[in-house]
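Given the structure of chain U, go ahead and fit chain C onto it with the hints provided.
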Amino acid sequence: MTQVKAWAGYLLPKLGQFLFVVVATYTLVFVLVHFLPGDPLIAALAAKGGASTVIDPAELDALRVQYGLDGSLWQQYFGHLIAAAQGDLGVSISTGVPVTEMIARAFPFSVQIASLALLFGVTSAVLITFLAYAAPWPWLRQLLLQIPPFGIAVPAFLSGLLLISVFAFSLGWLPSAGARSWDAAILPAITLALPVGALFFQVFSSAVLEAQNSPFVFTAVAKGVPPRRIFTKHLLRNAMLPSITILGLLIGYLAGGTAVVETVFSRDGIGRMTVNAVLARDINVIQGVVLVVGAIYALVNLLVDVAYGFIDPRTRIGGGLPSRARLGAKK
Amino acid sequence: MNSPKNRVLRWGIAPIGALAALGLLASCAAGPAASPKTDITMAVTGDPVCLDPQQVTLTTALNIGRQVVDSLIDQDAETGELVPWLAESWETNDDLTEFTFQLRDDVTFSDETALTADTVVKNLDALFEMGSTASLASQYLAGYEGSTAVDENTVTVNFESSNAQFLQGASTITLGLVSDATTELSPEDRCQTVVGTGPFTIDSYVANDSVVIAKRVGYDWASELRGHSGEALVDTVTFPITPEAGVRTGGLQTGEFDIIQDLPAVDETRFDTADYTIYARGNPGMPTSLVPNTTRPVVSDEIVRKAMLLATDRAEITALTGSSQSEPASSALSSATPGYSSQADAMAYDLDAATDLLDDNGWVVGSDGIREKDGQRLTMSVTAFYGQDVLEATQIQLAKAGIDLQLNIVTAGDFFGAIATGDYDFLSASLTRTDPDVLRVTFSKDAVSKWAIIDDAELEALLTEQATTADTTERTALIADIQEMIIDRAYLIPLLEVAQVHASTANVSGLTFDSSSRLIMYDVSVSE
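Here the protein sequences line up with chains U and C, keeping their order. Sequential numbering from 1 applies to the first sequence in the working numbering. Sequential numbering from 1001 applies to the second sequence in the working numbering.
Calculated from the structure, these hints are not laboratory results. Among the hints, erroneous ones may be present.
[As the list claims (entries may be wrong)] Pulled from the structure, derived: some chain U residues nowhere near chain C, Cβ distances all over 12 angstroms:
| no. | residue |
| --- | --- |
| 1 | R105 |
| 2 | G172 |
| 3 | F216 |
| 4 | P242 |
| 5 | T245 |
[Unchecked claim] If you want a taste of the chain C side facing chain U, the calculated C-beta under 10 angstroms gives, among others:
| no. | residue |
| --- | --- |
| 6 | G1046 |
| 7 | A1134 |
| 8 | Y1144 |
| 9 | G1146 |
| 10 | V1150 |
| 11 | E1188 |
| 12 | E1244 |
| 13 | V1247 |
| 14 | Q1406 |
| 15 | D1414 |
| 16 | F1415 |
| 17 | L1431 |
[Said to hold, decoys possible] Quick look at which bits of chain C chain U covers, simulated, 3 or more residues with Cβ under 8 angstroms:
| no. | segment |
| --- | --- |
| 18 | 1230-1242 |
| 19 | 1515-1521 |
The beta carbon of each residue, even a glycine, is placed where N, CA and C say it ideally should be.
The following block holds chain U by itself, in its conformation from the complex (with noise of 0.2 angstroms):
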């Protein structure tokens, strides 16, 4: 009993938090979308009809209340936060197309890529640490740690080229560009992992080789325990929360951060999706896709939070005491 209470206790406040996180994205993006100059619905009507477009100010009015851009900007507020609640989140103005529909076409093919990088860039991290860890010389173990933060350094953009280049062009192993085979996702996956597997590895790599110098390794290591053995029985372990925090946030930024990659590899997907809206200020489009995207980034770090309390039971013992500060009291 005791027990499903301090859950409670626990969850509730962090429930509420998920909400506050999703209705502060949506009211942010509609304040920033809405005092921008110029009309979204011109805009829009412009990217399809380009130098042949026709204004007629009569047309504008009936289009504004058929895409639900009518009414004074408490009423437009409002009303599309009502029908967001009911999973209605308007239609595109410049195709047409509800945005759900839009939303959940192309999620599968961003969440394709997503999670591969993440698996890519997080066991390659993990095996870079290792290799770190374990190499017999310190200007090898030096030069390891080097190689991540290239990851970061090189741009997206860069990176997907060269990889076409070399892997599509060049060697004609994998498919350059679309979604129309499986295996189209493995570059633009490289890709993202590269900063993905970085800003991981950044994390990790000086979680494990801080927890190296701690006294219950010196033990281990006194009792012959094998290398590999303690880094994945004890090293691991430990590195564990701050891994899992630094996932919450990867998880967000591969939510949003896709745009560049399916560009360059003309995949479809969110994030191509964003930047089309941006440009023809298809403003429902806009707003659809920062709510989705906001509310997983906070159902990502609700599912961290969580996950806190089982792997670490201190933090919910506290009565809710906010896990990041924990963390940071560790550290």
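Quick look at chain C alone, frame taken from chain U:
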């Protein structure tokens, strides 16, 4: 993989090996290409967004839609002559308010319904009702009164006032015909499915990914302008949507793509070899130009506009920003437009003449190199939503004559917003049309598009007259007069002829442009 003694090494090699294995699998899956090739690939630059050719103006969408939808008549891209297509013959009354088409009786849509006079009526009625949702079509149908099916295969189209551009419009994809069922859909639904009578049908459309079209079995009503008759020569055409130019050109080099849309100007020399074919054709209509609002100070001064016309070096602008395949702009119409007449002499680059003109009229060069007259600086702005490089080149050229051109690059929405409120000195953009009536669309006070702001009764009268003249020779003479007047009074500063430049591997043949410079793939075949 055997187990090497060094574990560290093995751990390090594993992912690379896995990647290599995946790559090999992928290359096996792709398999060898069949010979002769019947499934071809054309990389396009962007998502078509909407497949209904009657609504869209995006080049990509038109290039795809042209394969699926036929038009009443066809226009020779070289001579401008109109020839039969779905209509066997047509006639017009003298004041161009009534058009009668006699349709072929053997044409069916891909949903197996027949093409009848009634279908044409439904198409035009539905199009007119869509209004500015179908912005280009609404301009071709300006003054539409209605149409009637006289009998099964005869249809009459009526306008309230003369409409000289309708006939040419009827040859464009914008007035291409869709099936009865398609006309009954909402504009949004029409974007997803198009049923036409064309040599191809839409096989699949995955937004932001690709469009696939497949050969229409039993097609037998190509216009006489095509190279063969009967069905199309390839089975399917896949259009992967590939915005990144480097991926398109790389894919063309490796054979992943047979044809690519929009070959960048910088890559033209690279593909100008025997292994590739470059296709280029100027867009008909108005070249990229400075379009004036003559109610603005400075811009209202004809001397200033003339000096600007003379101080602009169009050959240099083309060399710097255009395709190596295109000629400098030389009139208010581009050279691919029917009725074009060259004004190259009247608008030849002459910096000395420009500066003399300004000197003689009291425009004195100030300390910062910009001219002044009665405390008025010779400065104006140009509002545009694309072509910044063209305008930058122009800005530098005009500065040599002491003219200060400020660039105001905005979004497409703000561009049309500025047009709606008339808040601009100059606009800059091009306007693609297959008919010289584009001059009326740009310059007439009564045109719905409202681009140039000019109060000139003489020009207005000529613009109206050409739109009501059915006799081709007479109309061509009027169009020539208008072009001369526009350049003479500097109502337009043409800058650059926009060209469509595509490329294919050398084994592709039969790719042609229609009169609007959209691609026709009906005759395309690929030899191995």
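Now for the hints, and whether the structure bears them out:
1. Residue-level check failed: R105 of chain U sits 7 angstroms from the nearest beta carbon of chain C, not beyond 12 angstroms.
2. A Cβ of chain C approaches the Cβ of G172 of chain U within 12 angstroms, the least distance being about 6 angstroms, so the stated non-interface status is violated.
3. With a closest Cβ-Cβ approach of about 25 angstroms to chain C, F216 of chain U is found to remain outside the 12 angstroms limit, as its non-interface label requires.
4. The non-interface label for P242 of chain U is consistent with chain C: the shortest C-beta to C-beta separation is roughly 23 angstroms, beyond 12 angstroms.
5. The claim that T245 of chain U lies off the interface holds: its Cβ sits roughly 25 angstroms from the closest Cβ of chain C, which is beyond the 12 angstroms cut-off.
6. The beta carbon of G1046 of chain C comes within 9 angstroms of a beta carbon in chain U, closer than 10 angstroms, and the hint placing it at the interface holds.
7. Because the beta carbon of A1134 of chain C sits about 9 angstroms from the nearest beta carbon in chain U, less than 10 angstroms, this interface hint is met.
8. Annotation: Y1144 of chain C was flagged as interfacial toward chain U, and the flag is violated, the nearest CB pair being 15 angstroms apart, outside 10 angstroms.
9. At about 20 angstroms, the closest approach between the beta carbon of G1146 of chain C and any beta carbon in chain U exceeds 10 angstroms, and the interface hint on this residue is violated.
10. A distance limit of 10 angstroms between C-beta atoms decides the matter here; for V1150 of chain C the minimum to chain U is near 31 angstroms, and the interface restraint is violated.
11. A cut of 10 angstroms between beta carbons decides the hint on E1188 of chain C: the least distance to chain U is about 3 angstroms, and the hint holds.
12. The criterion of a C-beta within 10 angstroms of any C-beta in chain U is met by E1244 of chain C, whose closest approach is roughly 5 angstroms, and the hint holds.
13. Nearest Cβ of chain U to the Cβ of V1247 of chain C: about 5 angstroms, under the 10 angstroms cut. The hint holds.
14. Given the 10 angstroms rule on beta carbons, the hint for Q1406 of chain C is violated: about 18 angstroms separates it from the nearest Cβ of chain U.
15. Satisfaction of the interface hint for D1414 of chain C is found here, the shortest Cβ-Cβ separation to chain U being roughly 5 angstroms, below the 10 angstroms cut-off.
16. Proximity of F1415 of chain C to chain U holds as hinted, the smallest CB-CB distance being about 7 angstroms (cut-off 10 angstroms).
17. Interface hint status for L1431 of chain C: upheld, as the beta-carbon distance to the closest one in chain U is roughly 5 angstroms, under 10 angstroms.
18. Coverage of a stretch by a chain is defined here by at least three residues with a beta carbon nearer than 8 angstroms to that chain's beta carbons; for the segment 1230-1242 of chain C and chain U the count is 3, and the condition holds.
19. Under the rule that three or more residues need a Cβ within less than 8 angstroms of chain U, the assignment of the segment 1515-1521 of chain C is violated, with 0 such residues.
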